[in-house]
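From first to last, the protein sequence lines are chains A and B. The opening position of the first sequence corresponds to residue 1 in the UniProt record's numbering, with each subsequent residue numbered one higher. The opening position of the second sequence corresponds to residue 1 in the UniProt record's numbering, with each subsequent residue numbered one higher.
Bear in mind the hints are in silico, worked out from the structure with no lab data behind them. Please note that the accuracy of each hint is not assured.
Identical chains share a label here; the pair holds if one copy fits it or two copies do between them.
Said to hold, decoys possible - List time: in silico SDA-like cross-link candidates among lysine to any residue, alpha-carbon distance up to 20 Å:
1) Lys150 <-> Thr57
2) Lys305 <-> Leu315
3) Lys282 <-> Ala89
4) Lys100 <-> Phe62
2 protein chains.
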Amino acid sequence: PFPALLLLLKRGRFNRQAQPPRSEPRTGTGPCSADGGGLRAGAGGFRPSRVAVVAKTTRYEFEQQRYRYAGLSEDDLRQLLALKGSNYAGLLERHRIHTKNVEHVVDSLRNERIEVRLVKRREYNEETVRWADAVISAGGDGTMLLAASKVFDKFKPVIGVNTDPERSEGHLCLPVRYTHSFPEALQKLYRGEFRWQWRQRIRLYLEGTGINPVPVDLHEQQLSQEQHSRAHINERFQDQRSDISGPHLLPVRALNEVFIGESLSSRASYYEISVDDGPWEKQKSSGLNVCTGTGSKAWSYNINKVANQAVEEILNIVTNDYNDSLLYSPEEPKMFFSIREPIVNRVFSSSRQRGFSSKVCVRSRCWDACMVVDGGTSFEFNDGAIASILIDTEDALCTVLLEE
Amino acid sequence: PFPALLLLLKRGRFNRQAQPPRSEPRTGTGPCSADGGGLRAGAGGFRPSRVAVVAKTTRYEFEQQRYRYAGLSEDDLRQLLALKGSNYAGLLERHRIHTKNVEHVVDSLRNERIEVRLVKRREYNEETVRWADAVISAGGDGTMLLAASKVFDKFKPVIGVNTDPERSEGHLCLPVRYTHSFPEALQKLYRGEFRWQWRQRIRLYLEGTGINPVPVDLHEQQLSQEQHSRAHINERFQDQRSDISGPHLLPVRALNEVFIGESLSSRASYYEISVDDGPWEKQKSSGLNVCTGTGSKAWSYNINKVANQAVEEILNIVTNDYNDSLLYSPEEPKMFFSIREPIVNRVFSSSRQRGFSSKVCVRSRCWDACMVVDGGTSFEFNDGAIASILIDTEDALCTVLLEE
Chain A
1 PFPALLLLLK RGRFNRQAQP PRSEPRTGTG PCSADGGGLR AGAGGFRPSR VAVVAKTTRY
61 EFEQQRYRYA GLSEDDLRQL LALKGSNYAG LLERHRIHTK NVEHVVDSLR NERIEVRLVK
121 RREYNEETVR WADAVISAGG DGTMLLAASK VFDKFKPVIG VNTDPERSEG HLCLPVRYTH
181 SFPEALQKLY RGEFRWQWRQ RIRLYLEGTG INPVPVDLHE QQLSQEQHSR AHINERFQDQ
241 RSDISGPHLL PVRALNEVFI GESLSSRASY YEISVDDGPW EKQKSSGLNV CTGTGSKAWS
301 YNINKVANQA VEEILNIVTN DYNDSLLYSP EEPKMFFSIR EPIVNRVFSS SRQRGFSSKV
361 CVRSRCWDAC MVVDGGTSFE FNDGAIASIL IDTEDALCTV LLEE
Chain B
1 PFPALLLLLK RGRFNRQAQP PRSEPRTGTG PCSADGGGLR AGAGGFRPSR VAVVAKTTRY
61 EFEQQRYRYA GLSEDDLRQL LALKGSNYAG LLERHRIHTK NVEHVVDSLR NERIEVRLVK
121 RREYNEETVR WADAVISAGG DGTMLLAASK VFDKFKPVIG VNTDPERSEG HLCLPVRYTH
181 SFPEALQKLY RGEFRWQWRQ RIRLYLEGTG INPVPVDLHE QQLSQEQHSR AHINERFQDQ
241 RSDISGPHLL PVRALNEVFI GESLSSRASY YEISVDDGPW EKQKSSGLNV CTGTGSKAWS
301 YNINKVANQA VEEILNIVTN DYNDSLLYSP EEPKMFFSIR EPIVNRVFSS SRQRGFSSKV
361 CVRSRCWDAC MVVDGGTSFE FNDGAIASIL IDTEDALCTV LLEE
């Protein structure tokens, strides 16, 4: 009875609101497949009753927690940070800004009579997600990744608010203006003045020998590489049967990317890869990154983007080679012709703008033109005149080459 | 009798010297065709008895001559030049340097009991060339062009000495060190420590209606464009029969290039062109340049060389387009894989370093590797483990897009 009651209560909560649509298209513009299109909310808006706000742990809080057990005072902390080259005042200010922005979001929600649970990373779990109608991350892109990592329901909205625009790109978050005017965002949600966006994510299956499907959280533990390896060993799945069972669907979905490679950043990774059921290929590299559209702007972008410097250097080489190719020996009995600034349009064309030749004939259609030799001797060359231009080796100029 | 006597005397002058070879190859290295190869002078050197030295007119001399008729004093000249923005002291210094270098060449020749005729541009003519065994230009590349312009005998050596290395490239002249140690150059010529070089030149035939095969010298007259046009008209060939006769071989040979185009630099040139007896093509352009190997380093080079700026700009556009192409919509149910720094050698290959895919399978051959999701969750992935990576639209993350 309890689950049923919950369900009833839950339905009630969405009274007079549009749920994120399941399968039927709504009226409005945009793609209308529930498989990944965004739909205009249409006449109905979105009005959650319960919102979980996941707030990031600021650097200041992190350092505080780190040294808490050592019984340090604020002053001690400040000196310790200074020793590390960190700016205590800066950290405190960032913490203040973030905290203020989080309060703004929480207050805005509560002013609308929305029930709010404010959680930090450690407290955020799947129970929180089940409780909430929507999840808001208050932090940067990393906090958004965290918030998304516990959501597996494609109809549970996750919204990012960038609480420190100075320090985070926030490209997974709402536009920065809503950070300081969150009620405006809420009003738009209510009025349906928004579009749903489904960000595709990657799933992972693991099989084979000696596998270990238990995840290790890299953030919480701030592990060194060595600790990281040991963490995996400690977590190793006890059930031997995993060795012979089918592929395990791992309990994660990648919003940005999956990276595969040796933990030690200086070690080369050796593996075999098959793309789209193609042939297996043995490879050695610094690792493999497989990303989503969301992740195409993140690490993947930095892996693949063309660095101007490399290209400029290649370009200089090519340009210099080309320019060098324009030069040839004075003793070669061949000519090189160049058309300066050819006009190409419906009427005129220039099949070859430059090239070597043995003979060039020109028929003038000019008004007041010349044929000029070595910039010094000029012949009239107007409409009707025809010139034949060629090299006869009898005309060569004799000169000497002295060694340098 | 006089021409015969001259011939006899001329032959005698080459006693115990090697003439520029006519047809038989000499001993030594290099191509051995009289049609254009350079031959080592071999056992014999080159020892002329009569040398014509063509000296350039310096800018200082030019300005002096220009205002001579106005009866200006040196002081007047200096002020006039200053008004024009020219540096009188600089002009005088250049003139001094050039004059000193010319004297050095002339003295070096006379010290070897060589008969020297020193001529300026106006005095230099075909009679001078006939008289001389060799012609030396004392100036820059322009003076070399002038010296060559009156030489039509492929066995009459023309040698350039750069008398103002600061101001002239001198790429048609001897290496700069000989400017200040000309006796050294003479010794090398005597000892045969040099190579003959035949610089190919272009000849021109003119035919058609209304043609005018009389040349106009552009340097001597320092013509404005208007005066230039009138000069052609004044020189127009009176003989009407030229309109119906065959092609005229013009009395010039281009050492650098032939340029054909409208005299007015801002006017487009219209003509028809046929290259290597190919089809005629109507063209409109800023003119045609046909150069020799010698001229390939001159105007032609500047016409054709690739300017770094244009290419950089093209490059930026292409680079930006490429980088943009790395990004795609978060709502697209496709993955993009990237192999970081693939090692390619005899053993390993990487057929595709990046690309879109629906599915990626990886079999680990790693020692201590991980599969890391969104930089936050890590799975052991060592030798024997197999991962299948794909997108299922059921796993999408629901979020909202608010208008800016």
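Status of the hints after comparison with the structure:
1. Lys150 <-> Thr57: within (17 Å within a copy, 88 Å between copies)
2. Lys305 <-> Leu315: Both ways: Lys305 and Leu315 sit 17 Å apart in one copy and 14 Å across, limit 20 Å.
3. Lys282 <-> Ala89: neither (52 Å within a copy, 75 Å between copies)
4. Lys100 <-> Phe62: within (18 Å within a copy, 81 Å between copies)
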